[in-house]
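Student: Here is how the chains run, residue by residue.
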Amino acid sequence: SAVISQKPSRDICQRGTSLTIQCQVDSQVTMMFWYRQQPGQSLTLIATANQGSEATYESGFVIDKFPISRPNLTFSTLTVSNMSPEDSSIYLCSVVRELWGTYNEQFFGPGTRLTVL
Amino acid sequence: GQNIDQPTEMTATEGAIVQINCTYQTSGFNGLFWYQQHAGEAPTFLSYNVLDGLEEKGRFSSFLSRSKGYSYLLLKELQMKDSASYLCAVRDRGGSQGNLIFGKGTKLSVKP
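First to last, the sequence lines map onto chains A and B. Residue numbering for the first sequence follows my numbering, beginning at 1 and increasing consecutively. Residue numbering for the second sequence follows my numbering, beginning at 1001 and increasing consecutively.
Source of the hints: derived by calculation from the structure; they are not laboratory data. Cβ atoms here follow ideal geometry from the backbone N, Cα and C, with glycine treated the same way. Wrong hints could be hidden among the right ones.
Stated by the list, open to error - Straight-line Cα separation of at most 30 angstroms, DSSO-like style, residue types lysine-lysine; simulated pairs:
{"id": "1", "chain 1": "B", "residue 1": "K1111", "chain 2": "B", "residue 2": "K1057"}
{"id": "2", "chain 1": "B", "residue 1": "K1081", "chain 2": "B", "residue 2": "K1107"}
{"id": "3", "chain 1": "A", "residue 1": "K7", "chain 2": "B", "residue 2": "K1081"}
{"id": "4", "chain 1": "B", "residue 1": "K1111", "chain 2": "B", "residue 2": "K1081"}
{"id": "5", "chain 1": "B", "residue 1": "K1057", "chain 2": "B", "residue 2": "K1104"}
{"id": "6", "chain 1": "A", "residue 1": "K7", "chain 2": "B", "residue 2": "K1107"}
{"id": "7", "chain 1": "B", "residue 1": "K1068", "chain 2": "B", "residue 2": "K1107"}
{"id": "8", "chain 1": "B", "residue 1": "K1076", "chain 2": "B", "residue 2": "K1057"}
{"id": "9", "chain 1": "B", "residue 1": "K1104", "chain 2": "B", "residue 2": "K1076"}
{"id": "10", "chain 1": "B", "residue 1": "K1068", "chain 2": "B", "residue 2": "K1104"}
{"id": "11", "chain 1": "A", "residue 1": "K7", "chain 2": "B", "residue 2": "K1068"}
{"id": "12", "chain 1": "B", "residue 1": "K1104", "chain 2": "A", "residue 2": "K65"}
Unchecked claim - Footprint (simulated), chain A over chain B, 3 or more residues, beta carbon under 8 angstroms:
{"id": "13", "stretch": "1043 to 1049"}
{"id": "14", "stretch": "1103 to 1112"}
As the list claims (entries may be wrong) - Chain A is faced by these chain B residues, among others (derived, beta-carbon under 10 angstroms):
{"id": "15", "residue": "G1040"}
{"id": "16", "residue": "Y1072"}
{"id": "17", "residue": "L1087"}
Pulled out of the complex, with its shape left as it was, chain A reads as follows (with noise of 0.2 angstroms):
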């Protein structure tokens, strides 16, 4: 499997003001995707970030309220801008590890816990 790092694990931030998620990973891998959990609710994929290229965006999240960055085959970022309370939820980073053929696993990290007031 995967090791997935994530920085910070949670945090309580001001409504108005920015953070930035960083998501490590222990081996190269080409692609990583963020998912946003809010409280209740399954999973739903942000963006997918490639090494050296615009992350694309899923319909409904933009680039200027989530930039997203790709240095190199083991990091990437997430930053939630501008925050409000609806932007609460839990944010995972996850990687896809193929394996042979089509057959490959998608795992995550463990997330990230944003609360705004």
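Add chain B to chain A, keeping to what the hints say.
Tutor: Same frame as chain A, now just chain B:
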């Protein structure tokens, strides 16, 4: 639209067998995943099915029927530590680029 359905909650007894069903309607299909998520923790990968049939991994088995848009996760010899949410997810496009579409999860409670 994309839709993944699974029961919201289930209860079972320690030592028993439980089956968690998942039905899906997605624009494409390139594999179905099951994850376990304990409260306050990240999802943990359990299984992956891309072909029809049963995949067995110890106490956990997962079944897929692509023609029916149906999967189930079977947990045998239930233990208290199996109390968790179980998430069904479908990859809707080929390769690693496909988005994982998640169901809302089934909260399983294992009673003594």
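Student: For every hint, state whether the structure bears it out.
Tutor: How the hints compare with the structure:
With a C-alpha separation of about 23 angstroms, the suggested pairing of K1111 (chain B) with K1057 (chain B) holds against the 30 angstroms cut-off. Between the alpha carbons of K1081 (chain B) and K1107 (chain B) the distance comes to roughly 13 angstroms, so the proposed pair stays at or under 30 angstroms and holds. With a C-alpha separation of about 27 angstroms, the suggested pairing of K7 (chain A) with K1081 (chain B) holds against the 30 angstroms cut-off. With a CA separation close to 10 angstroms, the supplied pair K1111 (chain B) and K1081 (chain B) stays within the 30 angstroms bound.
The suggested pairing of K1057 (chain B) with K1104 (chain B) holds, with an alpha-carbon distance near 23 angstroms, which does not exceed 30 angstroms. A C-alpha spacing of about 28 angstroms is found between K7 (chain A) and K1107 (chain B), which places the hinted pair at or below 30 angstroms, so the restraint holds. A hinted pair counts as satisfied when its Cα atoms are at most 30 angstroms apart, and K1068 (chain B) with K1107 (chain B) qualifies at roughly 24 angstroms. The hinted pair formed by K1076 (chain B) and K1057 (chain B) meets the criterion: a straight-line CA distance of about 11 angstroms does not exceed 30 angstroms.
The straight-line distance between the Cα atoms of K1104 (chain B) and K1076 (chain B) is roughly 23 angstroms, inside the 30 angstroms bound, and the hint therefore holds. Distance restraint check for K1068 (chain B) and K1104 (chain B): the Cα-Cα separation of roughly 20 angstroms lies within the 30 angstroms cut-off, and the hinted pair is therefore satisfied. This hinted pair does not check out: K7 (chain A) and K1068 (chain B) have alpha carbons roughly 41 angstroms apart, beyond 30 angstroms. Taking the CA atoms of K1104 (chain B) and K65 (chain A), the gap is near 25 angstroms; set against the 30 angstroms cutoff, the hint holds.
Here's how the stretch 1043 to 1049 of chain B fares: 4 of its residues keep a CB closer than 8 angstroms to some CB of chain A, so the rule of at least three is met and the hint holds. For a cut-off of 8 angstroms, the count of residues in the stretch 1103 to 1112 of chain B with a CB near a CB of chain A stands at 3, and the three-residue condition holds. Given hint, G1040 (chain B) at the interface with chain A, holds; its Cβ is 8 angstroms from that chain's nearest Cβ, closer than 10 angstroms. Checking Y1072 (chain B) against chain A: minimum C-beta separation of about 18 angstroms lies over 10 angstroms; hint violated.
With a least beta-carbon distance of about 6 angstroms to chain A, the hint placing L1087 (chain B) at the interface is held under the 10 angstroms criterion.
Violation of the numbered hints given earlier is confined to hints 11, 16; the remaining hints are satisfied by the structure.
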